[in-house]
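K.L.:
Listed below are the residues making up each chain.
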Amino acid sequence: MTSILKVEGLTKHFPGSKHSLFGKRDLIQAVDGLSFDVAAGEAIGLVGESGCGKSTTGRLITRLLEPTAGKIEFNGIDITHLSNAQMRPIREDLQIIFQDPYASLNPRHTVGTIVASPFRIGGITPEGGVKKRVQELLEIVGLNPEHYNRYPHEFSGGQRQRIGIARALALRPKLIVADEPVSALDVSIQAQVINLLKDLQTQFDIAFIFIAHDLAVVRHFAQRVAVMYLGDIVEIADRDTLYSKPKHPYTKALLSAVPEVDPDAIGSRERIRLTGDVPNPINPPSGCRFRTRCWKAQDICATSRPQLLQIGSSQVACHFPE
Amino acid sequence: MSQPAYAAAQSVTGRSPSRMAWERIKKDRTAKVSGSVILIFIALAILAPIFTWIIHSSPDAFHTETLNQEFGTQPLGKLGGVSGAHWFGVEPRTGRDIFLRFVFGARTSLIIALSATVLATILGVVIGLVSGFFGGKTDLVLSRTMEIVLSFPSILFALAVMPVLESVFQGWGLPQGNGTRITVMIFILAMFGWPYIGRIVRGQVISLREREFIEAARALGASRTHLIFREILPNLWAPILVTVALNIPTYITAEAALTFLGAGVIDPTSDWGAMLLASVPFYSVDPMFTFIPGFALFMLVLSFSLLGDSIRDALDPRSSR
Chain A
91 MTSILKVEGL TKHFPGSKHS LFGKRDLIQA VDGLSFDVAA GEAIGLVGES
141 GCGKSTTGRL ITRLLEPTAG KIEFNGIDIT HLSNAQMRPI REDLQIIFQD
191 PYASLNPRHT VGTIVASPFR IGGITPEGGV KKRVQELLEI VGLNPEHYNR
241 YPHEFSGGQR QRIGIARALA LRPKLIVADE PVSALDVSIQ AQVINLLKDL
291 QTQFDIAFIF IAHDLAVVRH FAQRVAVMYL GDIVEIADRD TLYSKPKHPY
341 TKALLSAVPE VDPDAIGSRE RIRLTGDVPN PINPPSGCRF RTRCWKAQDI
391 CATSRPQLLQ IGSSQVACHF PE
Chain B
1181 MSQPAYAAAQ SVTGRSPSRM AWERIKKDRT AKVSGSVILI FIALAILAPI
1231 FTWIIHSSPD AFHTETLNQE FGTQPLGKLG GVSGAHWFGV EPRTGRDIFL
1281 RFVFGARTSL IIALSATVLA TILGVVIGLV SGFFGGKTDL VLSRTMEIVL
1331 SFPSILFALA VMPVLESVFQ GWGLPQGNGT RITVMIFILA MFGWPYIGRI
1381 VRGQVISLRE REFIEAARAL GASRTHLIFR EILPNLWAPI LVTVALNIPT
1431 YITAEAALTF LGAGVIDPTS DWGAMLLASV PFYSVDPMFT FIPGFALFML
1481 VLSFSLLGDS IRDALDPRSS R
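If you're matching them up, the sequences are chains A and B in order. If you count the first sequence from 1, position 148 lands on 238 in this note's numbering, and the numbers rise without skipping. If you count the second sequence from 1, position 197 lands on 1377 in this note's numbering, and the numbers rise without skipping.
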């Protein structure tokens, strides 16, 4: 399998507040040294608690944010520091779906204008004209194609998210970053939208980076899952391995918190309660970032930062993997 | 259509947010009444020359025969000389027709207020957009400029610079007289007015800039021009419209105040501020002379303010979703 996206040591430090006039500015280490790759047509899940840098990662990959360090290679091209104009042809293949369907559509534009915006901005005239293509896209995502001149406020949350999906799909991208695409929706609607995304992924052979905090949602969607903690990946494995044999203590703790569907199984499994809060990303712990909450932590965890290493079929960053 | 199955019996044209606001405003009685009053004033101002033809007079014509020649210079007859020939009476001392001076005064007032509004709005929107969108040092400089301008005591300052600017404008080749004075007034009012709208636009742009639909457009490779004019500006019409409607009455009062204080339009051009000034010595013997321009100012300012409030209610941000 050829990889469509290669991320190496990706880092983003946001400037924080200044404490005194001549003091140094705080640096919020939102993403710190992230490395992974995505194969063509693959759906990879990116999970973690809120504030762990998942969304920042998504915005760095789509170059909505400028990386502080590291390298992003898309389709064999280094896009880490390309300008807006240089990025334009690449954006045809690299799209993003946003979390909040109420904020991601311009309330003053009709659905037709919104879904046609990729053609307009990219200066592309699709075969058969823009209107025909927009109506096709609306039909693909399960909306009435006659609704192209309606406004976003006339649609429900789920329908709006479909509009956002149609927009991302317009140029037939090779990779879509889906930034918590269902977390703002009702549970009943979530399944519909996920199934739609899944159909699109197989139908058009699109690679997906599916960002979510909900492990159940990711399990349903992704073939491979990466777990993030405080700006770094702690474990990557294919779905079945990760869910059945988690290697990193953090993954194990996360999985133990997923509610059990089978009532007989309740109690047969130990629930790991993590103590304390996620440390402040302005001043992350030395060595392993998870050590302050880890029940396995030893002296080495404070001095040396564990690298992501192949253990069995998983990649784990831990000194004491399971 | 290629999909007849969907087209059946469905209204497929969407209702845009501005269309919904328009429908709300059409149901608002305050808006209807105040809007009508404004339209009447505008109609009077536009039709002013027709009244000179109906009355067979001009706002500058003296009618000394209507004045008490022996005993001072007050108008003869009731209510300051109201008659079939002079509907609102005549001016003391000169006998000029007050109705004509009132309608021509509406012209001066509206021309100055509306021109100043247009100028201030263009300046404010452009500077607010640039300041809010680009942020950083640009924003720092522009915001401080707006604050400095806002902190000026505008009427006092206008009184001081009027004569200066007038001579500067004349130096550029503009003729002496009211044409130049009106231009200078428009210029001064706009100069002090633009930061009000600029600050509002800046604030709106800052909140819009971070919205996800802007990111979505950026993810498609949109240029700054596209972001500013296609994505942000359409969302600004509502606050701009409200600010404009609420700014017009302040320009009307400021213009009248400047003229009343002697720094504005001067005789023989009709102006409500000038009429008020001229009426001061006669308020006890000819109250109509004071009442007409005062009431006109009051009605016009009140109507614009009420209409502005109605527009704001109709464009309630809660409905912008």
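Think of the hints as simulated: they come from the structure by calculation, not from any bench. Each residue gets a CB set at the ideal place from its N, CA and C atoms; glycine is no exception. Treat the hints loosely; a few may be bogus.
Ranges of calculated distance between the beta carbons of each label pair, as one might list FRET restraints [claimed, not checked]:
#1 B:S1331 with A:R210: 39 to 45 Å
#2 B:S1331 with A:Q397: 26 to 32 Å
#3 B:S1387 with A:N370: 35 to 41 Å
Residues from chain A shown here face chain B by an in silico Cβ test under 10 Å; the list is partial [said to hold, decoys possible]:
#4 N165
#5 Q189
#6 S194
#7 L195
#8 I211
#9 T215
#10 H243
#11 G254
#12 L261
#13 R262
#14 F294
#15 A343
Covered by chain A, per the in silico footprint, the following chain B stretches (three or more residues, Cβ under 8 Å) [as the list claims (entries may be wrong)]:
#16 1385-1399
#17 1402-1415
K.L.:
If a hint holds in the structure, say so; if it doesn't, say that too.
P.N.:
Hint check results:
1. B:S1331 with A:R210: 39 to 45 Å: At roughly 44 Å between Cβ atoms, R210 (chain A) and S1331 (chain B) fall inside 39 to 45 Å, so the hint holds.
2. B:S1331 with A:Q397: 26 to 32 Å: Distance hint for S1331 (chain B), Q397 (chain A) is violated at roughly 59 Å.
3. B:S1387 with A:N370: 35 to 41 Å: violated (27 Å)
4. N165: violated (16 Å)
5. Q189: Because about 7 Å separates Q189 (chain A) from the closest Cβ in chain B, which is inside the 10 Å limit, the hint holds.
6. S194: holds (4 Å)
7. L195: Holds, because the Cβ-Cβ distance from L195 (chain A) to chain B comes to roughly 6 Å (cut-off 10 Å).
8. I211: Hint on I211 (chain A): holds, closest Cβ of chain B at ~5 Å, below 10 Å.
9. T215: violated (15 Å)
10. H243: holds (5 Å)
11. G254: holds (7 Å)
12. L261: L261 (chain A) check passes; min Cβ-Cβ to chain B is 8 Å, inside 10 Å.
13. R262: For R262 (chain A), the interface hint is violated, since the closest Cβ of chain B sits about 14 Å away, which is over 10 Å.
14. F294: violated (18 Å)
15. A343: violated (31 Å)
16. 1385-1399: holds (count 8)
17. 1402-1415: holds (count 6)
The structure fails hints 2, 3, 4, 9, 13, 14 and 15 (numbered hints given earlier, in ascending order).
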